[in-house]
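Colleague: Listed here are the chains, written in short residue letters.
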Amino acid sequence: MDKQLARLPDAESRNYRTLAISTAFILLIPVWARFIPGDVLHIDIVNVMVLAGIYACVVVGLNLLVGYAGQISLGHAAFFGIGAYTTAILCTRIHGFPTWLGVLAGTALSGAIGWLVGKPVLRLKGHYLAMATLGLGEIAFILFQQLKWLTGGTVGILNIPPLSMFGLKFDTDLKLYFVVWIIVMALMLLSINLIRSRVGRGLRALHSSEVAADAMGVNTSTYKVQVFVLSAAFAGLGGALFAHFQKYVNPESFVLAISIMFITMVVVGGMGNIWGGLIGVLLLTFLPPVIQALPQWLPGLPSGLQNFSNYELVLYGLLLILFMMFLPKGVADGLGRAADFTEVRARRLGDRRKAKRLEGR
Amino acid sequence: MGDRNQVRLLWGAAALVAVVVVFTLIYKGSTGLQWILSGLTVGSIYALVAMGFSVIYSSTRVINFAQGEFTMLGGMMMFTLCTRGGLPLWLGFLLTVGIVTLLGAGFERAAIHPLKDQSVITVIIVTIGLAIFIRALAKWIWGTDPVKVASFTGDKPLRFFGASIVPQSLWVFGLTLIAVVLVFAFFNRTLLGKGMRAAADNPDAASLVGVSASTSSLVAWSIAAAVGAAAGAVIAPINFAAYDAGAMLGLKGFSAAVLGGLGSAPGAVVGGLMLGVLEMITAGFAPSGYKDAVAFLILILVLLIRPQGLLGKPADVKV
Amino acid sequence: MMVADTLLQIREVTKRFGGLAALKDVSFDVTVGEIKAMIGPNGAGKTTMFDVLTGILHPTAGDVMLKGESIVGLRPDQITAMGMIRTFQTIQLFEGMTALENVMVGCHCRTACGFASSGLRLPAARREEKDIREKSMDVLKDVGLATRAGEIGTNLPYGQQRMLELARALASEPDIILLDEPAAGLNQYETGELAGLLVRFRERGLTILIVEHDMGLVMQISDEIVVLDYGEIIARGAPQDVQNDPRVIEAYLGIEA
Amino acid sequence: MAQKILRWKLPIALFCVLVAATLGSMGCGTQKVDTSKSVYKIGAVLSLSGPAAPLGQPEQNSLKMLESQLNAGAGVNGHKVQFIIEDDQSDPAKATAAITLLINQEGVSAMIGSSSTGATLAMVPVAQSTQTTLVCCAAGTAITKPVNKYIFRTPPTDSMAIDKVLGYLTGTLKATKIAILHDANAYGVGGATELAAKAPTKGITVTANESYGTTDTDMTPQLTKIQATPAQALVVWGTNPGPATIAKNMQQLAMKIPFIGSNGIANKTFITLAGSAANGVAFPGGNMLIPSSITAGTPWRNAVDKFTTDYTTAYGKAPDTFAAHGWDAGTILTTAMKTAGTSKAQIQTAVQATKGLVGIDGIYNYSATNHDGLTSADLIMIKIVNGAWTQIK
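If you're matching them up, the sequences are chains A, B, C and D in order. Position one of the first sequence corresponds to residue 0 (numbering that gives the first Met the number 0), numbered consecutively onward. Position one of the second sequence corresponds to residue 0 (numbering that gives the first Met the number 0), numbered consecutively onward. Position one of the third sequence corresponds to residue 0 (numbering that gives the first Met the number 0), numbered consecutively onward. Position one of the fourth sequence corresponds to residue 0 (numbering that gives the first Met the number 0), numbered consecutively onward.
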């Protein structure tokens, strides 16, 4: 009976199953994407999904930091940029430098810098931490602009080679698509493991009440730094992939607006929900094209609305507000509840059995 | 950290700034004075935006990322009403403040009030949504070109000790002074204001004072919008109003508010002026490309020494 | 290495907040296996003392020794690892965690797996995870919450939340546990159970320092009582002596009148 | 047991639906009908929002105008022409996505854009890998230096504008010492760097090279620094509103040295913003800004006059140079397609072979080694006198 109890479902038990299935989903997308006529959704799905996957690397890590450890960062575009510039510089300056090594270097350096700045900055709390990270992001952006000899200044770095590993060259969006999304899923697996583990509990405890967590023997200050480093590394990885995807980097891709986009993805998707990051990314990636497609779906729209660049952002802002008003815990949370609903009967059934067994104790 | 250390630190910071300023003056003479004057002008702009942040924070603990947009709207309204509509300045100013205040209050009721039980970060994202929304709307209405609003009292620069300053700066100084006095008085002298501060610290206490969190939030947003709009209206002649001006103002305003200590109106002013002066002095001495970097670096350092900003209350470690 | 059988030594501990002193050179010992109660009117500095002992606050002056080693200046988690843990006056269960998970957090300082091994789910991590689960289940059974393991801790009825907090603390295998008003909000029956539980633990060699307003409970279980008032010890001794101590009565009447 | 089945039900159901959808679509998998046979599709990625929006929108205007004018007539070789315009929000990543979309999904034969240098450089790799000709409306030198087979440019480059400015400095002003104050963005840095590099070759020393943030509202510190140097003229490289602020600050500081702007202020907005401070400011700009600067009767003059009237009637305001960039980009490609049709390879050859094409910005001549089209001869120096433009002869 103890065994039975020891196997009781905890908050994340459903995740591995979901991960397996969603992986299958995502890897299938390119197949059916080819059959969506361009005039229904005015985007190149594979291309857009590669970028989404790249952002997902950042957001999944950021969710660990914000959603689980409860430490905000408004400067993650900086780590995204550090990853991108590191591999870009290595692969363009050193002829024939293996790109995959560049990606690793980007990830590592980003993590290292995360440690350097995280150690002092994470002593700050709440909005002050937000401000400090925001400041770091701005400083990084200015350095990207000013260190011409290294970063090519505002012009940036051109002719970045495509990613290649074990003799394979990932030079098309489709090839890159699979690399990126397999990486994303690997990161997801890592995060799920982490959240289920001792460390994950420590982080969630720290989020819930730092004092209580401390008192229960969780070394919160160290955990904060470690999870910050982890999220920085994820961001760096995303950035490195970005560099090889766009084959060109310049500071404009690492501005404050991008940091804010990352955090928005986390919150809209669902803080502290392992799927939140992923869902947030997909949602905010596909919202604009959907909005853009609206006029053809409802031709009744006034002509002023027809010019997409005029109303797209208006609607985007509105929807952002509405999402938060009606799904304040994030979309993932809503979906989760929907999924639970299908399980309720099963659970009830199971619980009654368990209860019986326990009475016989 | 004991109170004594706090005070010592404050004096330390003040002394440091003083030293920098004096050094600049001695070393650069009238040029230095010029930098400081410009710094004070820019600083008061930051201070006015920062005050908006502080008001909302001190009564709801929310950071309103749309604060800069209120200021932008202020400028744009002035343009429409006075420059285009030809209304007298005072009327245009009042209308501007009135309209934007209504917008602020309206938004609070529509989107913030329903979220009263939600986590602060959720509300913050809503304000980000609002910022995007307002900016896009403004672009739609006013287009992308920056617009010009005539100075209230001409452009003839006033010069003294070899430095010069445009008359409009005096208006900005004036408004900053009035705003900080009013806001401070409101939060420390009036029952409602005190109640609102209490409301933020702990809702139960507030209900004793007879101020519901709901009223508190509504009033805070109205005040913030009003201050923001007034700021926008007065600074429009100095920094050309444009649909996308809000982002920068918001960023600098937030920085100033944090530097001075969130939730303290005087802090907002101190933070704003410090930030402005530091920026301008750095721009003067250092390669100007780095001036913002230096400003942010100093900001972060200040926070590391004093995690609650210069005039902020220390976050209490309560179990 | 450790002094006779005194587990915790508190030496002239003083804590000032700005001007006023919450604790004025308080000194007392806690010996192995005893249940010591610290009582006193509200604001007497009891919780402040707990915060000082567990490293949440640092004393303005004085020293605290656990097993003969000074713990002043150590981080709370270090102190917990040394074998002293606390519960909180206002229940501090972790949001969104099942009862089981809450207790599992308690095992934190007795386990080691870090980011790498946990993230990669290495065998070591799995083994440890399994141990943590089983141990936590046992602790839950101990306090009679086994059937609630799967439920979100903060959804449990109040009494059970208190028990859960206790279980979470016990999971850290402490030598001494500091209980901050564990009976607050418990009904007669639950209080009785709690009393029994504490005595049982003491028999297992657990040392307990308890802050409690429920005099019945205090008198029933504690071996010695320390009475604080305005941050100073005004009386100490066996329950009955303290009970009849005029100063104590005065202090209590003082606040009741 | 029942538990397990139910737990798996939802995901599996969804999964099956997806697979079904996949196979289904494969079954009736008729690729979406390719309309590009009847219509000549040209993609355009422009900055319609974000910082570069003031550039992108006039470009969009004139492209739409060109489209309707062509289709009102015979189109191109009897084919209707369609400019499919995407907004990159001044964000390189969005620009990449947009060009990929236009080439892969819309199957455009050629590309236009983007408005800003950064976004354009982000599009280059895609254009190159898909061997699509890209005619950009951005002035950054890095775009065509070194020459990339598929990348062409309509606006006069920064270097041309800089040559013009240097000519004015040495010729008209006889200045030997200048100060530079530039925007910290790509445009400003690009120009300033090149100016600082070229000045010495013309016997001019740069006494100060300062920068300001695009959104800064007060540049007096930089100006006081410059004041302290023996500079005889100040060259400001940036786009609105920065230069206007600088003009006002100079007035405030009573700085008398001449203010030479970049082609970034070749628009009426600058005059509106700077007000009286704008007077005396000189800057390089396209002839089209002052049609009278073009010899009357020449095809170029006629083209400019027609363009100006059409644009003004269509959009209620006179065209600026950006409008001209967009128009010329469209014209160059459609002209090339007259001979090349929709074959990407031939379009590239045709564009590269363009000779003496009359645009609005000037007369375009491309070659294998020169993808800039114009020369600094297509620019004039303009001075603002009482709030109006006058050509400096």
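What the hints contain is simulated information worked out from the structure, not anything from laboratory work. Backbone N, C-alpha and C fix where the C-beta goes; we use that ideal spot for every residue, glycine too. Wrong hints could be hidden among the right ones.
[Said to hold, decoys possible] Dumping the calculated EDC-like pairs for lysine to aspartate or glutamate here, alpha-carbon to alpha-carbon at most 20 Å: (1) D:K267 - B:D144; (2) D:K316 - B:D144; (3) A:K147 - D:D377.
[What the hints assert, rightly or not] Simulated DEER-style distance windows between Cβ atoms: (4) A:V289 - B:K115: 26 to 36 Å; (5) B:L15 - A:V289: 46 to 56 Å; (6) C:K129 - A:A19: 36 to 46 Å; (7) B:Y26 - D:P229: 13 to 23 Å; (8) B:K115 - C:M214: 50 to 60 Å; (9) D:P229 - B:L157: 23 to 33 Å.
Colleague: Is the distance from the Cβ of L15 of chain B to the Cβ of V289 of chain A consistent with 46 to 56 Å?
Modeller: Once the Cβ atoms are compared, 53 Å apart, the range 46 to 56 Å for V289 of chain A and L15 of chain B holds.
Colleague: Taking 50 to 60 Å as the hint, is the beta-carbon distance of K115 of chain B and M214 of chain C inside that range?
Modeller: Violated, at about 41 Å.
Colleague: Please check whether K129 of chain C and A19 of chain A have a Cβ separation lying inside 36 to 46 Å.
Modeller: 23 Å, violated
Colleague: Is K147 of chain A within 20 Å of D377 of chain D, Cα to Cα?
Modeller: Judged against 20 Å, a Cα distance of about 31 Å means the pair is violated.
Colleague: V289 of chain A and K115 of chain B, beta-carbon distance inside 26 to 36 Å?
Modeller: 30 Å, holds
Colleague: Regarding Y26 of chain B and P229 of chain D, is the given constraint of 13 to 23 Å on their beta-carbon distance met?
Modeller: 21 Å, holds
Colleague: Take a look at whether the Cβ-Cβ distance between P229 of chain D and L157 of chain B falls inside 23 to 33 Å.
Modeller: 28 Å, holds
Colleague: Take a quick look at whether K316 of chain D and D144 of chain B sit within 20 Å of each other, Cα to Cα.
Modeller: 13 Å, holds
Colleague: Given the hinted pair K267 of chain D and D144 of chain B, is their alpha-carbon gap at most 20 Å?
Modeller: Roughly 10 Å between the alpha carbons, so the hint for K267 of chain D and D144 of chain B holds.
Hint compliance for this structure: hints 3, 6, 8 are broken, all remaining hints hold.
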